[in-house]
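Order-wise, the sequence lines are chains A and B. Counting from 1, one number per residue, gives the positions in the first sequence under my numbering. Counting from 1, one number per residue, gives the positions in the second sequence under my numbering.
Derived from the structure by calculation, the hints contain no laboratory data. Built from N, CA and C at the ideal position, the CB exists for glycine as well. A portion of the hints provided could be inaccurate.
Here are the in silico distance ranges between beta carbons for each label pair [to be verified]:
| no. | chain 1 | residue 1 | chain 2 | residue 2 | range |
| --- | --- | --- | --- | --- | --- |
| 1 | B | Y183 | A | R35 | 36 to 42 Å |
| 2 | B | K96 | A | L92 | 17 to 23 Å |
| 3 | A | K26 | B | D103 | 46 to 52 Å |
| 4 | B | N101 | A | N90 | 27 to 33 Å |
| 5 | A | P36 | B | N144 | 32 to 38 Å |
| 6 | B | I160 | A | S33 | 28 to 34 Å |
| 7 | B | R165 | A | T17 | 20 to 26 Å |
| 8 | B | N106 | A | K58 | 34 to 40 Å |
Here are some of the chain A residues that sit facing chain B, going by a computed Cβ distance under 10 Å [claimed, not checked]:
| no. | residue |
| --- | --- |
| 9 | Y24 |
| 10 | N25 |
| 11 | S28 |
| 12 | N57 |
| 13 | I70 |
| 14 | I74 |
| 15 | V77 |
| 16 | T100 |
| 17 | P102 |
| 18 | C120 |
| 19 | G122 |
| 20 | V130 |
| 21 | V134 |
Below, a sample of chain B positions facing chain A; criterion: calculated Cβ distance under 8 Å [said to hold, decoys possible]:
| no. | residue |
| --- | --- |
| 22 | N47 |
| 23 | P91 |
| 24 | S159 |
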Amino acid sequence: MKKKVLLSVSLIVILMTAAAMYMYNKPSSQTMSGRPDYVVNAETFFQEFEQNEAAANKKYLNKTVLISGIVTEIQGVDSVGINITLETLNPLFGVSCEFTDPGKADKIKIGDEVSIKGLCTGMLLDVVLVKCSVEK
Amino acid sequence: MKKSIATVFITIFAFGVSIAQEMYFTKNGHVDFFSSTPMEDIKADNNKVTSVLNTTTGDIEFSMLIMAFQFEKSLMQEHFNENYMESSTYPKSSFKGKITNFDAVNFKADGTYPAEVAGKLTIHGVTKDIAAKGTFTVKGGKINAVSSFTVKPEDYNISIPNLVRDKIAKEIKVNIDNTYEPYVK
Numbered sequence: 001m002k003k004k005v006l007l008s009v010s011l012i013v014i015l016m017t018a019a020a021m022y023m024y025n026k027p028s029s030q031t032m033s034g035r036p037d038y039v040v041n042a043e044t045f046f047q048e049f050e051q052n053e054a055a056a057n058k059k060y061l062n063k064t065v066l067i068s069g070i071v072t073e074i075q076g077v078d079s080v081g082i083n084i085t086l087e088t089l090n091p092l093f094g095v096s097c098e099f100t101d102p103g104k105a106d107k108i109k110i111g112d113e114v115s116i117k118g119l120c121t122g123m124l125l126d127v128v129l130v131k132c133s134v135e136k
Numbered sequence: 001m002k003k004s005i006a007t008v009f010i011t012i013f014a015f016g017v018s019i020a021q022e023m024y025f026t027k028n029g030h031v032d033f034f035s036s037t038p039m040e041d042i043k044a045d046n047n048k049v050t051s052v053l054n055t056t057t058g059d060i061e062f063s064m065l066i067m068a069f070q071f072e073k074s075l076m077q078e079h080f081n082e083n084y085m086e087s088s089t090y091p092k093s094s095f096k097g098k099i100t101n102f103d104a105v106n107f108k109a110d111g112t113y114p115a116e117v118a119g120k121l122t123i124h125g126v127t128k129d130i131a132a133k134g135t136f137t138v139k140g141g142k143i144n145a146v147s148s149f150t151v152k153p154e155d156y157n158i159s160i161p162n163l164v165r166d167k168i169a170k171e172i173k174v175n176i177d178n179t180y181e182p183y184v185k
């Protein structure tokens with residue numbers, strides 16, 4: 001009887017350790033998986049930050065968002081990936097989407113209408129999304 | 001009378017144009033930090049740093065979003081944002097300063113210039129004076145700036161629980177690598 005209990009406990013400990021190690025070493029993904037928390041068009045999204053940054057941060061910071069809009073700029077950054085900017089009503093700034101996995105952004109051209117899923121990190125001049133991928 | 005007005009006008013116009021040409025800018029600046037302990041190495045990269053360099057005055061400013069720091073391990077990124085940096089409360093970090101040996105840096109001529117920068121660094125809502133050494137490289141109309149300095153988490157009220165204290169270095173090495181282009185409106 002004692003042996004069985006010891007065996008069960010050992011097994012549980014091993015499983016928990018394995019789970020902990022898996023979680024600890026789990027690599028950061030390059031893109032966001034799962035359903036987005038918010039689906040917004042780029043103009044509205046940017047406007048929310050422009051009008052009330054604190055409220056927009058509270059709503060969107062660290063959330064997965066799906067932003068639709070027109071591509072206004074594509075910039076390759078050495079050894080980092082690609083930045084795609086979506087148009088907003090602001091003439092100077094937009095929604096900037098960082099693709100560290102460029103495979104997720106190829107075939108996109110300026111003027112395309114796209115939907116981009118990413119993690120919202122806040123606003124500097126542009127509103128910045130990271131871990132981006134293109135949604136069909 | 002007309003001549004002097006014309007002179008004033010031309011001077012202002014020329015002044016205005018030259019001012020516009022002295023601002024350099026990037027939206028994709030690079031900042032990474034590195035913590036090394038016998039227990040673990042931690043590294044994170046941010047490639048969405050915004051920075052302005054005024055080559056007339058030597059003023060330099062940085063701004064970055066904490067959540068844009070990317071880690072290799074997802075749990076580290078989570079802990080960094082939720083526990084240490086409290087990014088929901090302090091989403092940004094910034095630096096505002098000046099090149100202190102500005103006379104030694106000639107932004108108009110291609111070349112490599114060692115530089116010293118001093119100013120105020122704000123992390124986690126706390127602002128501290130810092131000084132750092134770096135190098136400006138002027139080439140082909142662009143300016144590259146690199147610098148390394150160290151930061152102590154405790155200085156910025158970043159509390160690290162005793163349980164993991166040995167996993168995070170007492171001094172964290174921060175590296176900057178920005179390439180600036182002239183700011184064109």
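Exercise for the section: Grab the minimum C-beta distance from S28 of chain A to chain B and call the hint holds if it beats 10 Å, violated otherwise. Expected result: With a closest approach of 4 Å, the S28 of chain A hint holds.
Handout entry: Hinted contact T100 of chain A with chain B - closest CB pair below 10 Å
Key = Where the cut-off is 10 Å and the nearest Cβ of chain B is about 7 Å from T100 of chain A, the hint holds.
Practice task
Go ahead and decide if the range 34 to 40 Å is satisfied by the Cβ distance of N106 of chain B to K58 of chain A.
Solution key: Taking Cβ atoms as reference, N106 of chain B and K58 of chain A lie about 46 Å apart, which means the hint is violated.
Handout entry: Interface hint compliance - V134 of chain A to chain B, C-beta minimum distance less than 10 Å
Key = This interface hint is violated because 19 Å lies over the 10 Å limit.
Problem - Given hint S159 of chain B near chain A, where the shortest CB pair must fall under 8 Å - result: Violated. Min distance 20 Å.
Handout entry: Hint validity - N57 of chain A Cβ closer than 10 Å to any chain B Cβ
Key = The hint holds - N57 of chain A has a Cβ within 10 Å of chain B, the shortest such distance being about 6 Å.
Practice task
Please verify that hint: N25 of chain A, Cβ, nearest Cβ of chain B, below 10 Å or not.
Solution key: Nearest chain B Cβ about 6 Å off; hint holds.
Handout entry: Hint status (Cβ of P102 of chain A to nearest Cβ of chain B, threshold 10 Å)
Key = violated (13 Å)
Problem - Hint check for L92 of chain A and K96 of chain B - Cβ pair distance inside 17 to 23 Å - result: holds (21 Å)
Practice task
So, C120 of chain A near chain B? Judge it on the closest CB pair being under 10 Å.
Solution key: holds (8 Å)
Exercise for the section: Could you say whether the range 28 to 34 Å given as a hint is met by the Cβ separation of I160 of chain B and S33 of chain A? Expected result: 30 Å Cβ-Cβ, so the 28 to 34 Å window holds.
Handout entry: Per-residue hint verdict: V77 of chain A, partner chain B, C-beta under 10 Å
Key = Holds, because the Cβ-Cβ distance from V77 of chain A to chain B comes to roughly 5 Å (cut-off 10 Å).
When the structure is compared with the earlier hints, violations turn up for hints 4, 8, 13, 14, 17, 21, 24 and for no others.
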